[in-house]
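Protein chains: 6
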Amino acid sequence: MPDLHQRIASFRGNVFPRQAALYRRLAQDGQQPQALMISCADSRVMPETITQSGPGELFVCRNAGNIVPPFSNMNGGVSSAIEYAVMALKVHDIIVCGHSECGAMKGLCCPHLIEEMPNVQAWLRHSHAARSVATQLYANELDQDDMICAVTLENVLVQLDHLRTHPSVAAGLAAGEINLHGWFFDIKTGGVLVYDGAKERFVEPEADAPLPVAVTGRSRACMPVALTSAMAAE
Amino acid sequence: MPDLHQRIASFRGNVFPRQAALYRRLAQDGQQPQALMISCADSRVMPETITQSGPGELFVCRNAGNIVPPFSNMNGGVSSAIEYAVMALKVHDIIVCGHSECGAMKGLCCPHLIEEMPNVQAWLRHSHAARSVATQLYANELDQDDMICAVTLENVLVQLDHLRTHPSVAAGLAAGEINLHGWFFDIKTGGVLVYDGAKERFVEPEADAPLPVAVTGRSRACMPVALTSAMAAE
Amino acid sequence: MPDLHQRIASFRGNVFPRQAALYRRLAQDGQQPQALMISCADSRVMPETITQSGPGELFVCRNAGNIVPPFSNMNGGVSSAIEYAVMALKVHDIIVCGHSECGAMKGLCCPHLIEEMPNVQAWLRHSHAARSVATQLYANELDQDDMICAVTLENVLVQLDHLRTHPSVAAGLAAGEINLHGWFFDIKTGGVLVYDGAKERFVEPEADAPLPVAVTGRSRACMPVALTSAMAAE
Amino acid sequence: MPDLHQRIASFRGNVFPRQAALYRRLAQDGQQPQALMISCADSRVMPETITQSGPGELFVCRNAGNIVPPFSNMNGGVSSAIEYAVMALKVHDIIVCGHSECGAMKGLCCPHLIEEMPNVQAWLRHSHAARSVATQLYANELDQDDMICAVTLENVLVQLDHLRTHPSVAAGLAAGEINLHGWFFDIKTGGVLVYDGAKERFVEPEADAPLPVAVTGRSRACMPVALTSAMAAE
Amino acid sequence: MPDLHQRIASFRGNVFPRQAALYRRLAQDGQQPQALMISCADSRVMPETITQSGPGELFVCRNAGNIVPPFSNMNGGVSSAIEYAVMALKVHDIIVCGHSECGAMKGLCCPHLIEEMPNVQAWLRHSHAARSVATQLYANELDQDDMICAVTLENVLVQLDHLRTHPSVAAGLAAGEINLHGWFFDIKTGGVLVYDGAKERFVEPEADAPLPVAVTGRSRACMPVALTSAMAAE
Amino acid sequence: MPDLHQRIASFRGNVFPRQAALYRRLAQDGQQPQALMISCADSRVMPETITQSGPGELFVCRNAGNIVPPFSNMNGGVSSAIEYAVMALKVHDIIVCGHSECGAMKGLCCPHLIEEMPNVQAWLRHSHAARSVATQLYANELDQDDMICAVTLENVLVQLDHLRTHPSVAAGLAAGEINLHGWFFDIKTGGVLVYDGAKERFVEPEADAPLPVAVTGRSRACMPVALTSAMAAE
Ligand SMILES: [Zn+2]
Ligand SMILES: [Zn+2]
Ligand SMILES: [Zn+2]
Ligand SMILES: [Zn+2]
Ligand SMILES: [Zn+2]
Ligand SMILES: [Zn+2]
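Those protein sequence lines, which keep their order, are chains A, B, C, D, E and F.
Position one of the first sequence corresponds to residue 1 (the UniProt record's numbering), numbered consecutively onward.
Position one of the second sequence corresponds to residue 1 (the UniProt record's numbering), numbered consecutively onward.
Position one of the third sequence corresponds to residue 1 (the UniProt record's numbering), numbered consecutively onward.
Position one of the fourth sequence corresponds to residue 1 (the UniProt record's numbering), numbered consecutively onward.
Position one of the fifth sequence corresponds to residue 1 (the UniProt record's numbering), numbered consecutively onward.
Position one of the sixth sequence corresponds to residue 1 (the UniProt record's numbering), numbered consecutively onward.
Among the hints, a few may not be true.
Stated by the list, open to error - Straight-line distance between alpha carbons at most 30 Å, and here's what the computed DSSO-like set of lysine-lysine pairs gives: (1) C/LYS90 with B/LYS106; (2) C/LYS199 with C/LYS90; (3) B/LYS90 with C/LYS188; (4) F/LYS199 with D/LYS199; (5) B/LYS188 with C/LYS90; (6) A/LYS90 with D/LYS188; (7) E/LYS199 with C/LYS199.
In case anyone wonders, no lab produced these hints; they're calculated from the structure.
Just so you know, these numbers come straight off a predicted model, no measurement behind them.
Whenever a hint applies, use it, and build me the whole structure from the sequences.
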């Protein structure tokens, strides 16, 4: 990267001065991002650009395949980012954002592409459920490109399921303090498909309607009351 | 157990002969259980008795707290039982059955009870989401016994969430071949509360209505079609 | 399972009332089972039926292959069940019960049967020692069915060896408070073969003799005394 | 995030059209980023902004604390991103970028801040070497803020050490195909300090000099030759 | 170590020449050690000196506490050494050798000594069974020094139990090709206490008798035959 | 090993008496070894002989391949030995010693040799970086024997890199209290090649010069000062 030097100089000389006060305030007061976005490491998918976010607005966790391992006894970087975002930063929205032409999803569908990459293989185990579902549903109907696309969409849903296994997320959903979003960014069109939990499918957001949500947090009714009344009915 | 000897002799002499033909056929043809039941190791919760099942009818996985670890890179006995039940035995129903007076749930709520038991502590990490949810929802309203009961119910739901992270289960649900059940067995009354996924709460099953189901498998609509149509709209 | 509804209703309506007082007492006083039984998830092997046990008598851990992972830094459900049974419930007997026609043991001997089941494969690593021993001893003598049977018996012994690596079991054995049992249930005959630790082989229990035991706990002689006397001899 | 809807619409309507051809080409030809940047999930540290990168230029892995676990038998998302970036994308530069006011580094120095966050605690074990070094060097000289700053700088170096344990990185360095960069972004000033491997300290890049590099890859001399000659000398 | 230079020069100049032919032959033909010795890293316990072994005679694995983790899904250096020694080198004897004044055993009994050493703590989990047994047996009878000694002896037995869980060892024992030895080296006297499996205690070896063995491998009787005969008896 | 009995008797009767006072003092005062040596389990590589060390002088960790896993969340015996040696014993030198004709390195280069040894395979993952580097550098130039030799040398360097990821070692290096040594013992010649960190290659030690060191610990300059001055320059 011959021009790394110029690039950071350009940021500091030309870009930073226009936002110096904002940066200074963020340094003093700390960050208060509204959302955590989990997206792919892919260089064509820039979370802050897609969401037109400035400094301090978006807490971002990126890895190959926008994967969220389920909460278990061996957790790592993604689990820590979730825990920190929910418990320390109190984010209100968590977005899992997949994308078209994803190299990780291609590797999941065509294992020979990653046969020299044992870590990538192991990491993609967290997406096996997406591949199993898509194979089950579409095995005989789709050509390879459409299958990769289908797996990519199912992968977003699988990672949302994994998100819910994290205690902090489960508690936030029960308390109605968090919403979960499942997105798919299309590099060719710049459009974002959004999973609509009520309709159970990805939709293109409509201009005049509210943005569909994958999983809406809501204050749940008290189960023991239901239980007690059921018991009392005997 | 001074009478272990008599007990197995009694089974062989008095009970087995009445079902010898059935056992012999099951030995020859193999098992074809309709359901997998995941329940607690507790001696007061006997899966075959509660479901009035005979030999060959119920594949049973039991552990402290009827826990299902999420699918991840470090899986063990429960994951193997699920995989075998779904892929080799083609079960149609998976039941997670919690129960009243559960020692594991008490340990989860009162950590001092299990402070000398490091394995139990680690195992119950898979139920932390249940405790987090119940604490969030009921912290100031319930006394300890009711809180343990609430945690026990939430724990059934958390384990159902974990079940869905297993590729074989996710694929079976998508294909409409599996239903998931969330039950709570009350030792004092012999009754079973059943989670109704549509109503989002535990209910007592009604005599004339079909048994409520927690998660109904169904053949899903083809997502790429939705995607394509959304794209075509541009 | 079309009749799950009827089944639980039948239990509650017809079976439970005859034992309501017992269940109620068990709910109030807690369980005090005499034994922990570790058996296979197989639907044809019902621990309470084989041992003619009623509610409250048998703490039961079931998984594919009646496996007991050795105590290590990554423990799960079986280790927790053992720890809870020994430390909280003070059971006196631990039974590892294998059985004929076991699908897990078949998978261990014929890996192609489970090549699509990565969790089962990994789980059966805990039985590799049984396969290694049987291959060593019988490789050229037994046909496949007998070999599977031999592996199943060796597997019971391997799991007994694993049991002894758990600190709570090791301490209980040293104090003479626990006995370990190795059983093999034959689905075709209803019979139970029992490992006789003294004779070092499986035997059919004899009517008039005490039930053989695999590993008898006993209060051990004090080693440092032996040591001291040895040292003093110099 | 009430305006998520507007934000993605704004990107698509106002920003994307100006770069539609670039995005389309990147979708067709795939990405060829020059660098992998590993930075913190912090919302105030935007890798593409700091490096003034456009779509397709920067492969980005972000987690709490810009951590790189060492290559081992239990790898996750960061290891996969590295493996994919080096082996599939052939990046030439890997940048580990720490920053001022880092919440993860504060948690590392003040454990009480994260005592309710077990995942964050476990994740920060990968930074313990940084804390050990800083404590060793500066324990009695620095106040808490300076100590956090020192730990943050040492943490960049520790993660560079971890990077070198990854086989793909080790091979790339030996072949002279990769350079490693250690950066520190100061939110208050917009400046980037750069680790100079030759001088063994962080420096501010000078306008007229080349950007200092932490670890320069270079084609290594052939060791067996050295060995042979040494042996021949006998 | 100011004299490391002289030391290796001294070996090469003064010691090696006297055994040059032996070393050369060992380099050409490979090693064929008769035994694997697993002993502590302690500088006062030198395996080759205690056993008066020359080059090529003893395969040696050393770690803090002469520990053998049980065979499981997460194995490391000791398991690899065992596997290599038994399968590639065909050793006939495996010796686990504990010793007096062992720092690891002191840390096991007095956890405050190692509270700053998280790896040592975790590693010693593999010795918890020894501590549990000794506490159970001697809690009220021994002073601290004797208790450490008792734990050290029990630890040798626990590691022998762990050894048996390794498939290669289990197979070798069943085939009568391996013997297991449990030793205790007393630094003060130079004596070795040997565990006598038949007597179930440590003894001082007697001059005229064969060396006692902890676990004697022997060709086992064929279990399926026993089984068949038992079955035939019906 | 028919003569194990004689061997330990010979040590006690003939060798120990000449050093009885030294052993007794070491038992009373504890060990204070100057160095930790990490070497292969190979029977032809005897650390105390190569370094002409007596009792109490060398803390020794041995495993197949003289491997040091990097510090991570799953540590074992080697990590514990390092931690204990540095923190409890305050060693000043850590030597990683590879050797010619190493079976582990042969297995790394010729995987078919170890295809029946899953633990050895997994363990050697910690040496994959060495193989990747050697393949990158010498793939087309060396025959197999020379390649194994090259991998063996690179492996020493990789393990030194791993050593530096351990917090205790990193802190010791920063404080100038520890030196790291990379050695290669040639069985055929008895010679030791030593890695010279300054020259970046293995050399034969010269008689009149100080022994070259791989990584020299040194009291590092205070980074925050550098930082502060850089910042002040704005
Ligand atoms: Zn992607
Ligand atoms: Zn329970
Ligand atoms: Zn079975
Ligand atoms: Zn940060
Ligand atoms: Zn020791
Ligand atoms: Zn070697």
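Each hint tested on the structure:
| no. | hint | result |
| --- | --- | --- |
| 1 | C/LYS90 with B/LYS106 | holds, 18 Å |
| 2 | C/LYS199 with C/LYS90 | holds, 28 Å |
| 3 | B/LYS90 with C/LYS188 | holds, 24 Å |
| 4 | F/LYS199 with D/LYS199 | holds, 17 Å |
| 5 | B/LYS188 with C/LYS90 | holds, 24 Å |
| 6 | A/LYS90 with D/LYS188 | holds, 24 Å |
| 7 | E/LYS199 with C/LYS199 | holds, 17 Å |
Checked against the numbered hints given earlier, this structure breaks none of them.
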